[in-house]
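**Student:** Residue numbers (the numbering used here): 19 to 361.
If you're looking for bench data, these hints aren't it; they were derived computationally from the structure.
The structure presented is a predicted model; accordingly, all values stated were derived computationally and were not measured.
One should not assume that every hint holds.
Claimed, not checked - Quick list of in silico lysine to aspartate or glutamate cross-link-like pairs, EDC-like style, CA-CA up to 20 Å:
| hint | residue 1 | residue 2 |
| --- | --- | --- |
| 1 | LYS74 | GLU133 |
| 2 | LYS201 | ASP231 |
| 3 | LYS201 | ASP229 |
| 4 | LYS74 | ASP165 |
| 5 | LYS177 | ASP165 |
| 6 | LYS74 | GLU36 |
| 7 | LYS338 | ASP20 |
| 8 | LYS177 | ASP205 |
| 9 | LYS269 | GLU300 |
| 10 | LYS177 | ASP213 |
| 11 | LYS338 | GLU133 |
| 12 | LYS201 | ASP323 |
| 13 | LYS74 | GLU347 |
| 14 | LYS338 | GLU303 |
| 15 | LYS201 | GLU42 |
| 16 | LYS177 | ASP144 |
| 17 | LYS74 | GLU42 |
| 18 | LYS269 | ASP194 |
| 19 | LYS338 | ASP323 |
Stated by the list, open to error - Restraint-style ranges between C-beta atoms, simulated for each label pair:
| hint | residue 1 | residue 2 | range |
| --- | --- | --- | --- |
| 20 | ASP229 | LEU128 | 42 to 48 Å |
| 21 | ALA210 | SER232 | 25 to 31 Å |
| 22 | ASP215 | ALA70 | 30 to 36 Å |
| 23 | GLY45 | GLY104 | 47 to 53 Å |
| 24 | GLN40 | ALA129 | 38 to 44 Å |
| 25 | PRO268 | GLY290 | 44 to 50 Å |
| 26 | ASP194 | ARG73 | 26 to 32 Å |
| 27 | ASP194 | GLY161 | 40 to 46 Å |
| 28 | VAL91 | ARG312 | 42 to 48 Å |
| 29 | ASP229 | VAL63 | 36 to 42 Å |
| 30 | THR130 | GLU313 | 38 to 44 Å |
Yeah, the Cβ is synthetic: ideal placement off N, Cα and C, and Gly gets one too.
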Amino acid sequence: MDFGVVLQTNPPAWRTVELARQAETHGFDYVWTFDSHLLWQEPFVVYSAILAATRKVIVGPMVTNPATRDWTVTASLFATLNEMFGNRTVCGIGRGDSAVRTLNGRPSNLATLRESIHVIRELANDRAVEVNGRTVRFPWAKGSALDVWVAAYGPLALKLTGEVGDGFILQLADPDIAAWTIKVVRDAAEAAGRDPDAIQFCVAAPAYVGDGDSPAARAHMREQCRWFGGMVGNHVADIVARYGTDSTVPKALTDYIKAREGYDYNEHGRAGNSHTSFVPDEIVERFCLLGSPREHVEKLEALRDLGVTQFAAYLQHDNKEETMRLYGERVIPALADTVVATA
19 MDFGVVLQTN
29 PPAWRTVELA
39 RQAETHGFDY
49 VWTFDSHLLW
59 QEPFVVYSAI
69 LAATRKVIVG
79 PMVTNPATRD
89 WTVTASLFAT
99 LNEMFGNRTV
109 CGIGRGDSAV
119 RTLNGRPSNL
129 ATLRESIHVI
139 RELANDRAVE
149 VNGRTVRFPW
159 AKGSALDVWV
169 AAYGPLALKL
179 TGEVGDGFIL
189 QLADPDIAAW
199 TIKVVRDAAE
209 AAGRDPDAIQ
219 FCVAAPAYVG
229 DGDSPAARAH
239 MREQCRWFGG
249 MVGNHVADIV
259 ARYGTDSTVP
269 KALTDYIKAR
279 EGYDYNEHGR
289 AGNSHTSFVP
299 DEIVERFCLL
309 GSPREHVEKL
319 EALRDLGVTQ
329 FAAYLQHDNK
339 EETMRLYGER
349 VIPALADTVV
359 ATA
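Just need the whole structure built from these sequences, with the hints factored in.
**Tutor:** In structure tokens, the structure reads:
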């Protein structure tokens, strides 16, 4: 299993770069960031500094979207970084949330998402593609390679992921929901004539390492990560509006948003925000990884057994450095040891 961190590009930018450098030192393989240009600093500028300060980590957005960036510009950004630093980028993409809603826009439809994936992937992999009736290609992008991973929750988006995605991003760590989504993606890939085993499966969720036996410490961890249930709730609300509450989508994903009254993007992804009190403790525990290193290892082993190939830890809480350190010293080696022992 690979490991990643998910950062926000809050100023000062050097702080984001330093967290990325620490992540590599502690054994993480990927550094992802939010991509919402009104709420945080421009991530592609920061990626250049991260890649310059590190040796091996792969960087990319979790996630970009087809609406706020021209697709050819997005492809050019990735291809340029690949030329500068080697092929160390990955494109996470979805329909759009905070980047478009802060501009009073709407998430892209699935047809647009599908077309954007095709254009970005072809151009960033040094291939020609048709755009607006014209065949275009980057003449300078020799050898550039880019995988496109799709973030999805709903049945049709999951189906699209299986049909066209190099990877699948599930932004929550509930094993039951992960099992359902992975199966939908795999089935869609097989129906499309693709190899399901060739798709990467990334679970991304807040990870907070602390004293899981102390009720007070446990409560603090939950409060620091409750924001995540609110963020996921934005996407779930769209699913419920489209499919209703009696669809094939697991009840664990849809039922908890019944008390949701709204969302303030000025507090998007922030610990302690004021509008996620509707998220119950049970959902925080199910969606996130909290507690001792042993608890993290146990949940990650369960996810890996379902086919998850990467865990990306959101670090939007007050324990970033310590969580990364304990992952590097206790969690990542334990998962590696398990693989060796199984082999």
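**Student:** Look at the Cβ atoms of ALA210 and SER232 and judge whether their distance stays inside 25 to 31 Å.
**Tutor:** 49 Å, violated
**Student:** For a C-alpha distance cap of 20 Å, please report whether LYS177 and ASP144 respect it.
**Tutor:** Measuring from Cα to Cα gives roughly 27 Å; hence the hint is violated.
**Student:** Given the proposed pairing of LYS74 with GLU36, does the C-alpha separation stay at or below 20 Å?
**Tutor:** Since the Cα atoms of LYS74 and GLU36 sit roughly 15 Å apart, the hinted pair holds (cutoff 20 Å).
**Student:** Given a hint of 36 to 42 Å, does the C-beta separation of ASP229 and VAL63 actually sit inside it?
**Tutor:** 38 Å, holds
**Student:** Does ASP20 sit within 20 Å of LYS338, going by the straight-line distance between their CA atoms?
**Tutor:** 19 Å, holds
**Student:** Starting from LYS338, check that the Cα of GLU303 is at most 20 Å away, please.
**Tutor:** At roughly 18 Å apart (the allowed maximum being 20 Å), GLU303 and LYS338 satisfy the hint.
**Student:** Assess, step by step, whether the Cα of LYS338 is no farther than 20 Å from the Cα of ASP323, and give holds or violated.
**Tutor:** 27 Å, violated
**Student:** Can you confirm whether the C-alpha distance between LYS177 and ASP205 stays at or below 20 Å?
**Tutor:** 8 Å, holds
**Student:** Go ahead and decide if the range 42 to 48 Å is satisfied by the Cβ distance of ASP229 to LEU128.
**Tutor:** 44 Å, holds
**Student:** For the range 44 to 50 Å, tell me whether the beta carbons of PRO268 and GLY290 fit it or not.
**Tutor:** At roughly 28 Å between Cβ atoms, GLY290 and PRO268 fall outside 44 to 50 Å, so the hint is violated.
**Student:** With the threshold set at 20 Å, check whether the alpha-carbon distance from LYS74 to GLU42 stays at or below it.
**Tutor:** 8 Å, holds
**Student:** So does ASP194 sit 26 to 32 Å from ARG73, Cβ to Cβ?
**Tutor:** 38 Å Cβ-Cβ, so the 26 to 32 Å window is violated.
Violated hints, in rising order: 1, 2, 3, 11, 15, 16, 19, 21, 23, 25, 26; the structure is consistent with all others.
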